[in-house]
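A.B. asks: From first to last, the protein sequence lines are chains A and F. So the first sequence is residues 6 to 368, counted in the working numbering. So the second sequence is residues 237 to 635, counted in the working numbering.
Derived from the structure by calculation, the hints contain no laboratory data. Among the hints, a few may not be true.
[Claimed, not checked] Straight line, CA to CA, 20 Å or less: simulated SDA-like cross-link-like pairs of lysine to any residue:
no.	chain 1	residue 1	chain 2	residue 2
1	A	K41	F	C445
2	F	K521	A	D359
3	F	K510	A	G175
4	F	K521	A	P264
5	F	K630	A	F268
6	F	K506	A	G176
7	F	K519	A	A366
8	F	K510	A	N137
9	F	K566	A	E338
10	F	K630	A	L271
11	F	K519	A	N137
12	F	K506	A	L139
13	F	K377	A	P264
14	A	K41	F	I440
15	F	K566	A	A366
16	A	K252	A	F31
17	F	K510	A	L362
18	A	K321	F	E524
19	A	K321	F	C445
20	A	K252	F	S371
21	F	K519	A	D359
22	F	K510	A	G176
23	F	K519	A	D357
24	F	K506	A	D359
25	F	K521	A	A366
26	F	K506	A	H157
27	F	K510	A	L139
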Amino acid sequence: MNFDFSEEQNMLVQSLERSLAKSYDFEAFREQLASKITHVPETWNMLAELGVMAMPLPESAGGFDGNHVDIMAVCTELGRKLITEPYVSSVVLAAYIFEATGGAPADEHLPKIAMGEQKYAVGFYEPGDRHNTLASATTATQTADTWKLSGHKAVVLGADTADFLIISAGGDSVFLLPANAEGVSLNQYQLLDGRGAADVVLNGAEAVLLGTAGGSAAIIEEAADRAAAALTADTLGAFDEIIEMTKEYLRTRTQFGRPIGSFQVLSHRMVDLLVDVEQAKSIAMEAAVEARNKDVTIRMKAVSAAKAKIGAISRKFGQESVQMHGGIGVTDEYALGAYVKRLLVNEMLFGDADYHLTRYANL
Amino acid sequence: MDLSLTTEQSAFRDEVRTFLTDALPEDIKLISKTQGHMGEEHYRRWHSILAEKGWATPLWPIEHGGKGWGPANYAIFDEECHMAGAPRVLPFGVSMLAPVLIAVGSDAQKERFLPGIQSGKDWWSQGFSEPGAGSDLASLKSTAVRDGDHYIVNGQKTWTTLGQFGDWIFCLVRTDPKSEKPQTGISFILIDMKSPGVEVRPIIMMDGCHEVNEVWFTDVKVPAENLVGKENHGWSYAKMLLQHERIGIAGVGLSKEQLASLKRMAATEKKNGKPLIEDPVFKTKIAEIEIELRALDITNKRMLVETERGMDPGPVSSMLKIRGSEVAQKLFELKMDASGLYSLPFQPHIGEPGNNEEPVGTIHNTRSAPTYLNTRKISIYGGSNEIQRSIVSKMVLGF
Chain A
6 MNFDFSEEQN MLVQSLERSL AKSYDFEAFR EQLASKITHV PETWNMLAEL
56 GVMAMPLPES AGGFDGNHVD IMAVCTELGR KLITEPYVSS VVLAAYIFEA
106 TGGAPADEHL PKIAMGEQKY AVGFYEPGDR HNTLASATTA TQTADTWKLS
156 GHKAVVLGAD TADFLIISAG GDSVFLLPAN AEGVSLNQYQ LLDGRGAADV
206 VLNGAEAVLL GTAGGSAAII EEAADRAAAA LTADTLGAFD EIIEMTKEYL
256 RTRTQFGRPI GSFQVLSHRM VDLLVDVEQA KSIAMEAAVE ARNKDVTIRM
306 KAVSAAKAKI GAISRKFGQE SVQMHGGIGV TDEYALGAYV KRLLVNEMLF
356 GDADYHLTRY ANL
Chain F
237 MDLSLTTEQS AFRDEVRTFL TDALPEDIKL ISKTQGHMGE EHYRRWHSIL
287 AEKGWATPLW PIEHGGKGWG PANYAIFDEE CHMAGAPRVL PFGVSMLAPV
337 LIAVGSDAQK ERFLPGIQSG KDWWSQGFSE PGAGSDLASL KSTAVRDGDH
387 YIVNGQKTWT TLGQFGDWIF CLVRTDPKSE KPQTGISFIL IDMKSPGVEV
437 RPIIMMDGCH EVNEVWFTDV KVPAENLVGK ENHGWSYAKM LLQHERIGIA
487 GVGLSKEQLA SLKRMAATEK KNGKPLIEDP VFKTKIAEIE IELRALDITN
537 KRMLVETERG MDPGPVSSML KIRGSEVAQK LFELKMDASG LYSLPFQPHI
587 GEPGNNEEPV GTIHNTRSAP TYLNTRKISI YGGSNEIQRS IVSKMVLGF
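In isolation and in its complexed conformation, chain F is listed as follows (with noise of 0.2 Å):
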């Protein structure tokens, strides 16, 4: 047993660490550093940058123009951006569409759609979930009907991320409202967000912010050459989608970020005339979180590693979304706490274009509220974490 890096994973962590000194522009590394929001051209700037060099897409199989990485040179490439200051890269064209048409797309789809998730040319949107349709995915209700050469979709998604900014939006849509089970009767299709009858309305946030939309579909003319796969089978490209999203879905570099994050507030904040950090209560509670941490981030590489030697991957990524995000919400409470009265004003829109505020505290206390309860999703979204449960409890315990 030897829990430290191979002389090849440290020397590529080098690698990654120099290009990210040389590569990642100060602007959006202030943004990331200070909690800030991400606007479009920081995403789509940084996603460039990144093409450039073959790594927006490194886990792609080399024949897509990936570099088949495996998972642990993804953790080291992950943590190290996250200490950087780098954005993420955008999930739903990248992580969550592109592996489903490498499996099951056509050679046409493949060739059309691949090159601009891979450039960040075409921004991706995913369209799952309904109003009606949460936890219980599979009902829901948005329809597909085919006419002629194309579909006719209808209906309404919601808590879409930054899907103001999408040009294309991935869909599962009812093909088979007579379908015996709900699920039997879902399609996975692609529908360009500039078509007549495509409408994105924003839906602002407790914390002030537009990150997520409801979209909606009224008559709109889709392509049959969109749909991806099988018609009718749109659910179990769906669910092998979701087993994809395990690689990173622990958030292990968002964490370690966070509680060097934490570690620099409580260094700078004061009690009782002494830094924060010397205070016996709040040590103890950093203490606490970075233990869970620690352990975290050997159980991310294990398994990980584990499901590539033929461990069943099924619970592997419910396991790791339901402790991850556990662990940031608690960084990011913690970092509220640190912030104490100053976490108070409410500026949820400093440091964006246009807005010249100061912070009453420091940044940092002025970000930390907001960020808290926007932090909260991250227990709901992809998944709740009840839901997540259920899957490992059906999976491991079989009931």
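Excised from the complex, chain A in its bound form (with noise of 0.2 Å):
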């Protein structure tokens, strides 16, 4: 049993936190969120030249053959430093599918993201069908020599940045369109806590086949569950700065003539919260472990467990961690609300916690 990242994960990790440091800087956040900035090209750039995107994708594509938990080193780190980024969409999600589906897509595509060269979103949620990662409304229409897609597809994270969409018609197959094609209109915005996304809506917009036609159901589960994976290590960089903080706080601010730490009503939910993220980090390690595993059942029970357990202690975090700071936890200008925000988008998106429980109940 080990419960360590290799020497290599530890050595990405500090070139990672080394990198991010430079850049990063509280107040740029905020200005950067102000003008409704989603993408940094510097960062999304240096992050290709530390080499985290080529880092889990296959040799054959340029990459390092990494592994999920590489996933969940990174991850952690892009969640501690709120980087906005679209690295889950490009290289969790749409690098899985081509891999998946193969072929000639697969070959000119991955290099591509292996590089940081284009930019890529995945779509398979649809209004009106909540957390359902199958959603099937939007229609791939197949006509002499392409197919056609129609439909709408909710909250895609990265598709107001990205260069290609893959989209999912059927809940059972995926296709590949320029994100700017014809029939395509995107509405983009902002999420809460400042990364970026988009409605999709998709009006006979002529796409590329991933994979065989009605034959992706399974691979597109998997996506989602190794994008939920990654989305919990993200959390877990959320935690740790929001644990700094608030110990900080309870250390520092003084009321009553003493430190309001040391009163128990505080100390002892603290202490609560750090419990909590012990037993976050143990089921986050245990999706990271399997979120690639082959038998479904094994992959699909510990990405459930991870993504329901910790959108419970997200919730309790977000709202203990506000309360124990008093009002100065409820202002934009301090950073602790940044990361509550952060947690609530990682809990929402690829299934939330009622999902996934109901989810791990019926396995």
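Given two chains presented individually in distinct reference frames, assemble the corresponding complex, making use of the accompanying hints.
C.D. replies: Next comes the structure, spelled out in structure tokens:
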């Protein structure tokens, strides 16, 4: 049994930490949000240069054949620094779908993902169908030499700045098309935490079939599971920061002539959060290890357990850390709120806690 | 025992309903029904409509132009107002300052200030909290130094709700820096916010909105006649003021409207092709909070009636605030959960004048997460729930 990152993973985390620390600053982050920027090319290129985009990809595509624990290591740092780049959309979701469906599109696009040359966004969910990964109202019609897509995909992470979209149709097929293709209209927006997304409306947009028609339901589910596992890791990074900020506040804020952390009602609640963080780390580790398990039941159980548990802990974390801070915790200029919003977005994407609890119970 | 309304109370409820149907402007109703932020004009307009009817200050004694309502009538009124989508009457002048003025203010102060509070002409703000004095309010540092006919005020107040629209602010200031206990050197003073040296700076909340402020005082000259009651007795007036807050503090009307709104949302949102409200998991969550609210509704009315009959009012407002804030916060949380993915697009200024954005999901979806985040404040302001528990513990348990 071994609960540690490998030496390579530790080195990766360290270089990522160093590079992000250079570019990251909370005031700059606030300015970025205020100017509605969701993607900063310098940050994206820096991630590509560090090799974290190539890392999980197959060697044949210029990657390093990494695993999902590598993804966990990277995403934890992205969450810790509130990075808004569409890393999970391209490197976790799109890369896996290309790998799983293979053929010429994979040969063409995987190297571009590895180099960070193009950005991809993946749309599964639909309005009115909540967290159903296999939402099926979007249709694909085959014409002489191509497919035409019509439908509406909801809150597609990274679609506001993507070069290409991968869209599911009928809940069991996946298609590739340029984001600026005719018949695609994007309603772009910032999410609560500053990451970007779009609603994608397709009106007879021409697209390329990836894999086989009607044969990709299992791929869609695995892609969503891998993304869900990645977001639980992202949340771990945010948890660490929230713990640090709250600990510091309890230590330095004095009322009634003493640090407020010396009041048991607060210190005990802080301890509960510490216990929760350990539970969250453990269940996120299991999700990272099993996210690529060929046994679908093992994978789904591990991912749903992590997403449900960390979702519930996230809610508690947000509420308790704000309450322990008091008024300052509800303000925009203090970083805590930004982390609380990051938690909420991670909670809701790729199945919320209720969805995963129900899925777990039914497995 | 009979928990239903009396004939008089039913008639009163009908009267309130009819009034609200006729008098509540549609544009204001729309803002509250979609969890929007009211602007200055909305608050002022609704206040003057109520004032004309005599219902802006119904809890005031009749001799001061109130209606002398008991808590039961007020509970009916409050609930009907929320269900109809009326904005709250801001408490700062009407239910915080006025009871203090009525109890300990001079005749001149009553004559001068009560009419403006009642009509809504004067917008009052509250200046209690300071950056270093939150839960430990008595450690406040703003000072007022007597200089002939004036006090010279220096210091900084914070979390001043809607202070950007304020005409006047009532403040707790330190007048005796050498007092033995911090509580005994504090005075209660009224400050014209247009005085030179008063500066209001916005604080943006994490939902992106400007609702609270810092208020800075630099050598502000305040006429000595604006001191309320006796110098260095301000702490006891502040405590009196907080006790007066108990009516309405449970937020039962607000929570009932939010429950109804949650059910409307859950009826239109879908899960597995069916309305969310039919989902066994979600409908159980709704049932749980509805049951808590039923109990709170009765607890609220029962406790308020018992305080009228002489029960110690001390711990009552704390108890009602603790549970009332928890219920309201849970309802806002469930509305966010009901919105699913469409709670995530961030459109903080949607619906404000000059903003033409369309909501990405429904307006209720788009408002749900910012409202959830914003309303985390209700277990913090007016004495955090931790402070409220300490108050109850001290008063009821004796430790």
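A.B. asks: Take the hints in turn and mark each one as holding or not.
C.D. replies: Now the hints, each set against the structure:
1. K41/A with C445/F: Given pair K41/A, C445/F holds - Cα atoms ~16 Å apart, limit 20 Å.
2. K521/F with D359/A: Cα-Cα ~11 Å, so holds.
3. K510/F with G175/A: holds (19 Å)
4. K521/F with P264/A: Not satisfied, since the Cα-Cα distance of roughly 38 Å exceeds 20 Å.
5. K630/F with F268/A: Distance ~15 Å between K630/F and F268/A Cα, so the pair holds.
6. K506/F with G176/A: holds (17 Å)
7. K519/F with A366/A: holds (18 Å)
8. K510/F with N137/A: It holds: about 13 Å lies between the C-alpha atoms, which stays within 20 Å.
9. K566/F with E338/A: Status violated; Cα separation ~25 Å.
10. K630/F with L271/A: holds (18 Å)
11. K519/F with N137/A: holds (19 Å)
12. K506/F with L139/A: holds (15 Å)
13. K377/F with P264/A: holds (18 Å)
14. K41/A with I440/F: holds (17 Å)
15. K566/F with A366/A: Violated: K566/F and A366/A sit about 25 Å apart, past 20 Å.
16. K252/A with F31/A: Cα-Cα ~19 Å, so holds.
17. K510/F with L362/A: holds (19 Å)
18. K321/A with E524/F: Holds, at roughly 18 Å.
19. K321/A with C445/F: violated (24 Å)
20. K252/A with S371/F: Holds, because 18 Å separates the two Cα atoms, which is no more than 20 Å.
21. K519/F with D359/A: holds (12 Å)
22. K510/F with G176/A: holds (18 Å)
23. K519/F with D357/A: holds (16 Å)
24. K506/F with D359/A: Given that 20 Å is the threshold and the Cα spacing comes to 14 Å, the pair holds.
25. K521/F with A366/A: Within the cut-off at roughly 18 Å; holds.
26. K506/F with H157/A: holds (16 Å)
27. K510/F with L139/A: holds (16 Å)
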